[in-house]
Amino acid sequence: MADILGGMIKIVKSKMFALIVLLAILSTIVQIGSNGIFLHPINIRTILDMMIITGMMTIGATLLLIAGALDLSVGTVGTMAGMMFAVLLRYHHFHWAVALILCLALAAVFGLINATLVNFAKFPAFIATLGMASVAEGVSFLFSGGANVSLSDPFMRNLATGRFMNNTIPFSIIILLVFFIVYGIILSKTKFGRQIYLVGSNPTASRLVGINSRRISYILFINSSVLGAFAGIMFNSRVAAATTLGITDRQFFGLIAAILGGVSFGGGTGGLGGAFVGLLIFSAFANGMFLLRVDSFWNQAIFGMLLLVSLAFDYMRSRATYRSPRAKRKSKKTTTTA
Amino acid sequence: MPNYVEFNKISKGFPGVQALDDVSFRVQGGRICALMGENGAGKSTMLKILSGDYQADEGTIIIDGMPASYHSPHGALKASISVIYQERQLVPGLSVMENIFIEDLPKKGIRIDKAALRKMTQHILDEFELDVNPSEPVGRLSVAHQQMIEIMKAYRRDSEIIAFDEPTAPLSESEINTLFKVIRRLKEAGKVIIYVSHRMSEIFQISDDIVVLKDGKLVCELNADETTEQELITAMVGRDIGDTYAELCRNENIGEVMLEVRNLETDDVHDINLEVRAGEIVGFAGLIGAGRTELARAIFAADPISSGEIFLNGQKVNFKSPKDAIAAGMALCPEDRKEQGLVLDRTINNNITSAVLEKVKTGLFLDKKKERKLSHAAVEKYSIKTPSIEKKVVELSGGNQQKVILGRWTSEAMVTKVLILDEPTKGIDVGAKAEIYQAICDFAKAGLAVIFISSELTEVINLADRIIVMAQGRITGSLSRQEATEEKVLKLAMHH
Ligand SMILES: Nc1ncnc2c1ncn2[C@@H]1O[C@H](COP(=O)(O)OP(=O)(O)OP(=O)(O)O)[C@@H](O)[C@H]1O
Ligand SMILES: [Mg+2]
Numbered sequence: 000m001a002d003i004l005g006g007m008i009k010i011v012k013s014k015m016f017a018l019i020v021l022l023a024i025l026s027t028i029v030q031i032g033s034n035g036i037f038l039h040p041i042n043i044r045t046i047l048d049m050m051i052i053t054g055m056m057t058i059g060a061t062l063l064l065i066a067g068a069l070d071l072s073v074g075t076v077g078t079m080a081g082m083m084f085a086v087l088l089r090y091h092h093f094h095w096a097v098a099l100i101l102c103l104a105l106a107a108v109f110g111l112i113n114a115t116l117v118n119f120a121k122f123p124a125f126i127a128t129l130g131m132a133s134v135a136e137g138v139s140f141l142f143s144g145g146a147n148v149s150l151s152d153p154f155m156r157n158l159a160t161g162r163f164m165n166n167t168i169p170f171s172i173i174i175l176l177v178f179f180i181v182y183g184i185i186l187s188k189t190k191f192g193r194q195i196y197l198v199g200s201n202p203t204a205s206r207l208v209g210i211n212s213r214r215i216s217y218i219l220f221i222n223s224s225v226l227g228a229f230a231g232i233m234f235n236s237r238v239a240a241a242t243t244l245g246i247t248d249r250q251f252f253g254l255i256a257a258i259l260g261g262v263s264f265g266g267g268t269g270g271l272g273g274a275f276v277g278l279l280i281f282s283a284f285a286n287g288m289f290l291l292r293v294d295s296f297w298n299q300a301i302f303g304m305l306l307l308v309s310l311a312f313d314y315m316r317s318r319a320t321y322r323s324p325r326a327k328r329k330s331k332k333t334t335t336t337a
Numbered sequence: 000m001p002n003y004v005e006f007n008k009i010s011k012g013f014p015g016v017q018a019l020d021d022v023s024f025r026v027q028g029g030r031i032c033a034l035m036g037e038n039g040a041g042k043s044t045m046l047k048i049l050s051g052d053y054q055a056d057e058g059t060i061i062i063d064g065m066p067a068s069y070h071s072p073h074g075a076l077k078a079s080i081s082v083i084y085q086e087r088q089l090v091p092g093l094s095v096m097e098n099i100f101i102e103d104l105p106k107k108g109i110r111i112d113k114a115a116l117r118k119m120t121q122h123i124l125d126e127f128e129l130d131v132n133p134s135e136p137v138g139r140l141s142v143a144h145q146q147m148i149e150i151m152k153a154y155r156r157d158s159e160i161i162a163f164d165e166p167t168a169p170l171s172e173s174e175i176n177t178l179f180k181v182i183r184r185l186k187e188a189g190k191v192i193i194y195v196s197h198r199m200s201e202i203f204q205i206s207d208d209i210v211v212l213k214d215g216k217l218v219c220e221l222n223a224d225e226t227t228e229q230e231l232i233t234a235m236v237g238r239d240i241g242d243t244y245a246e247l248c249r250n251e252n253i254g255e256v257m258l259e260v261r262n263l264e265t266d267d268v269h270d271i272n273l274e275v276r277a278g279e280i281v282g283f284a285g286l287i288g289a290g291r292t293e294l295a296r297a298i299f300a301a302d303p304i305s306s307g308e309i310f311l312n313g314q315k316v317n318f319k320s321p322k323d324a325i326a327a328g329m330a331l332c333p334e335d336r337k338e339q340g341l342v343l344d345r346t347i348n349n350n351i352t353s354a355v356l357e358k359v360k361t362g363l364f365l366d367k368k369k370e371r372k373l374s375h376a377a378v379e380k381y382s383i384k385t386p387s388i389e390k391k392v393v394e395l396s397g398g399n400q401q402k403v404i405l406g407r408w409t410s411e412a413m414v415t416k417v418l419i420l421d422e423p424t425k426g427i428d429v430g431a432k433a434e435i436y437q438a439i440c441d442f443a444k445a446g447l448a449v450i451f452i453s454s455e456l457t458e459v460i461n462l463a464d465r466i467i468v469m470a471q472g473r474i475t476g477s478l479s480r481q482e483a484t485e486e487k488v489l490k491l492a493m494h495h
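Chains as they are written, first to last, in numbering that gives the first Met the number 0: chain C, 0 to 337; chain P, 0 to 495.
Source of the hints: derived by calculation from the structure; they are not laboratory data. You may find that some hints are simply not true.
What the hints assert, rightly or not - Derived CB-CB ranges, DEER-like:
hint, chain 1, residue 1, chain 2, residue 2, range
1, P, E389, C, F312, 24 to 30 Å
2, P, K416, C, N211, 44 to 50 Å
3, P, E389, C, N211, 22 to 28 Å
4, P, D103, C, N211, 41 to 47 Å
5, P, E126, C, V134, 54 to 60 Å
6, C, I43, P, I101, 34 to 40 Å
7, P, P14, C, N211, 32 to 38 Å
8, P, R473, C, N211, 28 to 34 Å
9, P, R473, C, I100, 44 to 50 Å
Note that the Cβ used here is the ideal one computed from N, Cα and C, for glycine as well.
Next up, chain P with everything else stripped away, as it sits in the complex (with noise of 0.2 Å):
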């Protein structure tokens, strides 16, 4: 069975910008193909043209020889594509089950087969590991877990074509693992597996091909046996980055005790102690459902506490709300950018001021030339790419959009003392990452108290001064960046 799919001269247009420029490539059936490149290189366009969710201006796809001629998602569907977006398209309020069935359910005569439904979900849930109640409605679980049944509605479809876009950005290592099997099965049975990540480590453990994008044209293709990590960033950022953390300038002057939390319990956390220092950086590890961004929601006052003390500088505070926690000096970058970090309907422009309206105030008015500067600054500092701040977010790429909602937060106008970043390197390419280390770093040498929550094990190990594990909404244990090694680290994250 001669499968692939092939690319052929696809050029794709947006105002002030080429996304994809005359790109052609082959992928292989039964070879998983990974599709690289830096944020804003047309990766997820190139996806939503095999959708059928954007046209192509110019060029074909060419599946086993023949043309495609769909023109919708429905269409590519009925071909057998299948395509995993980076942001989630699932309904909060329906249930796991309905969302995953959600193009056909079971009917029985007019109405639901609700039995049929669970038991054919339940096999599903069972065969990617998750331990989550089919009824439960979407909305309530984490974004991981989130991301898990998104993937499952595609795998359900049993398509031939199936491709990833930043499957696992949500996700830390036991899902990874579980994804990767189930990723290996569909290579086995000879699909064609188009798959995109910013995870470098991950791109050399599944995938056999790997294409490089960059502004939208096609650099490259490599094999990945005999391809080194170096090489390939090289290829997608176009220089040499050298060692990200060994080239980090840090701050070396840690202070006084800037964020303390006594006995604190909510519905989520449970017995919280901890001390960040002015200066410090306090990694955050941890599985999914260990409670960080619970953790980060209930110091920022965005969920309500039951007990226990939060000080911050020596003094103790009261939040009533994410309003009184920002005009205290405290920042909450937040994890699911789509629902709690940005306004995707609004400019860059207005996202980036929308928390220091007061400071960009002259007289009673809003003033233009000083949000303008503030974005301006928050554009060139992570290097957002953009024709223009006035472009609404939901344009942006991924990675981009990821950099607004770090511009906002970290914008000269705040006067921030606790920055706590949820994830924030979530989505973003391996050059820019290295930048936004620095830019974190450079936070801490400005003496703010840095939390920094990722699930990207090495990150948090290489970057944070501190870490501190978490499982099942507890603290297990706190270890310096000298003790800590990834065992350490995810023997205390399994405790229990």
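So here's chain C without its partners, still in its complex pose (with noise of 0.2 Å):
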């Protein structure tokens, strides 16, 4: 009996049963506010097609933030690789498969560069990132000299738009859950992600192990790049063309995401289980601020403090974790049957 009830509070005290209950409160509200349109299937379909975009760039952040850096120029980059396969694709006759990789390619010299301003000249990854948002919108418009560029290239418009089971679950939504266990189990099972919590947890003493966290770090920017440009991408196929604005103004949403699911700032904690509820209670935000009809103009604003929002969080709970003696003042009955 006691254990069951000892069990039942790790439970309830658990970050991700928080989320939860996060998730459903936000749920409930929009669903009262948007007159039940919220869960209606074909709402939450469309919750689901655009969850790719934000979903790549969310294992991006978590993995950076977990080492301890950050990565500000995800959307910039996205949005030039997406330009970049657009024109390729449409003015230059390229396959979709090798304009693919040139893309990403380009994408990861900017994450090689974001990794080596930050290694080697030892610029703060927020300088160096945001320098390199610049830098990469500059790129963009010189693929395209500030116009926009339609696309319509069928495999790809499909992955980004199909569905299957009677059109129910969208492709795009498997993909990004298959990246989202793969990224997990390399997070949590193998020898390099345990490294990426140790670097990001203690620096100098891991270096003193024998880890190699520059290496880890060119790897997580890179890849951070990398899966900028698939968001990027994927995004242009959705909407069938390249704007100059692509997913710029979605800069911050991984990143939002992530510290929504408990992904500290200060590097060291958290998870990727975590972070797609986080995505999840995003999405589900996002999408509520269009069913409510928030005017456009407010969601860069409204964004902003959702980011300043999770920001708090994560500084109360990283305090309640280093006070966690005094807060566990009452609860000695529990604890001695731990």
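Both chains are given apart, each in its own frame, so use the hints to dock them into the complex.
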């Protein structure tokens, strides 16, 4: 009996539980506010349709945050790659696969430069990546000349908008799930994943146990850029055009989802399971704003506030764990059974 | 002025451990009370309750007859209580003077009054006979100097109640002497002083009363003058441990040269030539700043080398990073456990396997079973006190954290040829020290070349086969165990 109770208390106290409760509350509010549209299958499908774009960036952001870094250039690099992709297909008649590889390669170069700026020039990650974001914007302009480019390669379009099972489940959500699972396994079950956590928690001590933190940093920055590029291309394939704005205004979405999902800004904590729930919360929130007809001018401001709120959350959480002995003042009865 | 602090029926639990269980004792002003006990006995927990950092589950602290009413570190400071923690709390990026006066920096308008700050700091530095620049960032100082700064930070508040949690762990003889002068002055001023240390000799030098804890319970209260070291140890450990050094089972077969260093130069050490043989324990003695830690780091490729050569097993090696050094069979158990030794936010298990991740894989993935086996072995070998190997290291007591570092670097998955131990017994209790000495002898027996750095002279002299003494970044002499005496070593350590 006491065991069951103890177990339940453990569940209730866990981060994941708090997140799921948050998701449920949010859904209820939007569900009521939208007169029941929110949970309508078609709306849910719409949410799932769009999830791959933020989702890819969430994976990149999660890994970097755990390692103690961050990338503010994903959105712009993604937009640039998307633009290049459209230009190569439309004006240069590349095969989509060749174009895709070239675009991901260009994004990888941006990741490489980010990592070099951070590891060798010793720039703080946010300054280095913010700088590279401007560079990516410039390169993007060079490709497009400032004009939007339409994109209608059938395979890519199908990848971004296709669905199976009577047009219910999008391909893209399956792709995203596979990515989350594969990256989740890498993070929690492999040597590389463990090293990411160790470096993020204490870089000095990690070096002394023989971990090459530079190698990890390079891999994660490149990974972030490549996933960003993939997100950019998927976005263009969805809307059938490469726009100059692209996913630039979604720059912070991955970060927000990851932090909402319990990945800490300080490095070393969180995981992809939590990040996925964070992504669900974020997607529900974004869709909710749309359903509740929040003026799109407000969107940016509200997302900004959401970022601040999630950061405040993160701050309180880190303080709570730091001060946990005091918080546990009243819980002696449960602790002695543990 | 009847000044006293009374701990009244204090209990405190953490998940899986009862850190303190109904402990009551009283500390009188103008007397120094040593709080003793094995690693994990509950000493630091008691001091953290005193400092308002933790709240007792039950019981009260009574100051001069009044139950204390504070519930935070800030409140404790206001009640004139200062606690110097076992783990340093300094801000590495701030200067010495800013750290010392961090809670109330002198202001001139809205700006910090640098001149006044410098003057006040210099005054304290002089009192502690410490030669450091008040504007130096604390992060650049040695661990020992940082510790002195930590002590000054509490000292300058001029509190009525001062508790020291293992203040001397990273210090060597001369700093300890100045520290003791300061503590005695505080005692004469009638302050309430609580002192925690695992260095037995100190306890009898400085304390008047001794309170012994074991597994969170009060064992006894002793008068220092009427107690012998053996009696105290028996009270702490629960058994007589005998003469630690005489009972060691040492290695008799010293083999070929395993590590050779020729003409090594770095920013901190100069003209280093030394040999360590397989099966040999070479002790390093010296004062703070002598360059022992820096030498160890240079050999392990943690710091760059300007010139010189290193040979391992007769082969010249050229390590670019600790990773290469580890791959070649070197292990360095670092001195600074918070910054360099441990990943505090991770579990015991994660910390122990962190240097041997390649060895705990099955196929592509880390193998939980293999990891657990290694960690359990380490917990067993060094008797690490913990309810589970999945506990975060930050939640262990100081001495048990130290054992985790040892466990990592001496795990059976390491293929070590040269084992460098930098202050391995820092913060470890008497009973466990004896076990660690034996473990070190066993490593020598297994043919490892062991470098043993320690600021506790007795330890180096009694454990090492040969003692190398350093001063100001240079080797000033080498003595065999037979010829080494404290006087001879100290003379070489003072060498200019
Ligand atoms: N924040 C915490 N969370 C969980 N357990 C804790 C925490 N702090 C201390 N403990 C546990 O309480 C017990 C007493 O620890 P404490 O630090 O008081 O020991 P100590 O006597 O200071 O030992 P040492 O000599 O090694 O410093 C230990 O078993 C430790 O693991
Ligand atoms: Mg302690």
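Range agreement (Cβ of I101 of chain P with Cβ of I43 of chain C, hint 34 to 40 Å): Violated: the Cβ-Cβ distance is about 53 Å, outside 34 to 40 Å.
Has the hinted range 22 to 28 Å been met by the Cβ atoms of E389 of chain P and N211 of chain C? 27 Å Cβ-Cβ, so the 22 to 28 Å window holds.
Falls inside 44 to 50 Å, the C-beta gap from R473 of chain P to I100 of chain C? Violated, since R473 of chain P and I100 of chain C (Cβ atoms, about 58 Å apart) do not stay within the stated range.
Pairwise beta carbon distance, P14 of chain P to N211 of chain C, judged against the given window 32 to 38 Å: Since the Cβ atoms of P14 of chain P and N211 of chain C sit about 35 Å apart, the hinted range of 32 to 38 Å holds.
Hint check for N211 of chain C and R473 of chain P - Cβ pair distance inside 28 to 34 Å: holds (33 Å)
D103 of chain P paired with N211 of chain C, Cβ distance criterion 41 to 47 Å: Between D103 of chain P and N211 of chain C, where Cβ atoms are some 44 Å apart, the hint holds.
Taking the beta carbons of K416 of chain P and N211 of chain C, is their distance inside 44 to 50 Å? violated (22 Å)
Does the Cβ-Cβ separation between E126 of chain P and V134 of chain C fall within 54 to 60 Å? holds (55 Å)
Lying within 24 to 30 Å: is that true of the beta-carbon distance E389 of chain P to F312 of chain C? holds (25 Å)
In this structure, the earlier hints numbered 2, 6, 9 are contradicted, and the remaining ones agree with it.
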